[in-house]
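*Asks:* Given next are the chains, with one letter for each unit.
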Amino acid sequence: MACISPDGKPTESGTKMLSALKSGLSSAEEVAKDAGLPLFRVRSGLRELTHAGLANQKGEKYKLSSKGAELLGTLST
Amino acid sequence: MEEVREQAISLPRLGEPAPAFEAVTTHGVLKLEDFKGSWLILFSHPADFTPVCTTEFIAFAEIYPELKKRGAELLGLSVDSVSSHIAWVRNIEEKTGTRIPFPVIADLSKEVSLAYGMIHPGQSKTETVRCVFIIDPNQIIRTILYYPLTTGRNMAEILRIVDALQTTDKNAVATPANWKPGDMVVVPPPKTQEMAEERVKQGYECVDWYLCKKKL
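These protein sequence lines map, in sequence, to chains F and X. In this text, residue positions in the first sequence follow the numbering used here: the first is 1, and each later residue adds one. In this text, residue positions in the second sequence follow the numbering used here: the first is 1, and each later residue adds one.
FYI, nobody ran anything at the bench for these hints, they're computed from the structure. Among the hints, erroneous ones may be present.
[What the hints assert, rightly or not] According to the in silico footprint, chain F covers these stretches of chain X (three or more CB under 8 Å from chain F):
| # | region |
| --- | --- |
| 1 | 20–30 |
| 2 | 35–48 |
[What the hints assert, rightly or not] Quick list of in silico lysine-lysine cross-link-like pairs, DSS-like style, CA-CA up to 25 Å:
| # | chain 1 | residue 1 | chain 2 | residue 2 |
| --- | --- | --- | --- | --- |
| 3 | F | Lys33 | X | Lys69 |
| 4 | F | Lys63 | F | Lys9 |
| 5 | F | Lys58 | X | Lys31 |
C-beta: ideal position from N, C-alpha, C; glycine also.
Extracted from the complex, chain F is given alone in its bound form:
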């Protein structure tokens, strides 16, 4: 997976996407702008993060899951 390394830790781009989701329900376009990543990369990444249970999709938008928030919390400590 491109956003999550085999050891379960998010990559730099994965961390940027998760961090961008901290602000609340966001579209892929909003995450791309916040994270400074290309939109195609974010669409693919959000799909992956959702599949891994780190983000939840609501319609066309995404938000951080509790598992994603917990993981982000461990990265900042």
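The hints should help you fit chain X onto chain F, whose structure is shown.
*Replies:* Quick look at chain X alone, frame taken from chain F:
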């Protein structure tokens, strides 16, 4: 009587939706729909760690900033594995200082290659020829280039085509031979006799009623 089956191989055509795909790339799993809203330059190369392909990758990396300014993304493809792609782009960066910023599809199953008509057995039964598909933000194929294994592509021409297509879309005009940004554009030809009669009075630079140019 023995039944004979023939498989018809169709090539993608201009003006039609680009064939959908989901593929392993050096930037993770990407789908064609991930690029919706951007222009996409999908190109194939025969093989990693080969000389002409390496010069092309460096050249594509060099025009990448110009493509981004135009709202276009690059996506490469060959039938090599993702490990081969990773090793190769790292080698290019180490040996030449050129970072390859765009994703490259590892099309081991040849699913994308076959959908896009990238394998031409007269050139190679296993490797893709040098294709370029210019796909618009609505994911319609707008230009197709097929180059042989031995001939590297011209980046200035690819940029020129993107500029020409975007100029056409923005201004409802066509672009004449050898057009480059800033040159006069072709006014769409009249569709009726009345329009043809009016055309020559409209102040365009005309050879005749059917060939008129204007400055944008």
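*Asks:* Output the indices of the hints that this structure fails to meet, ascending.
*Replies:* none
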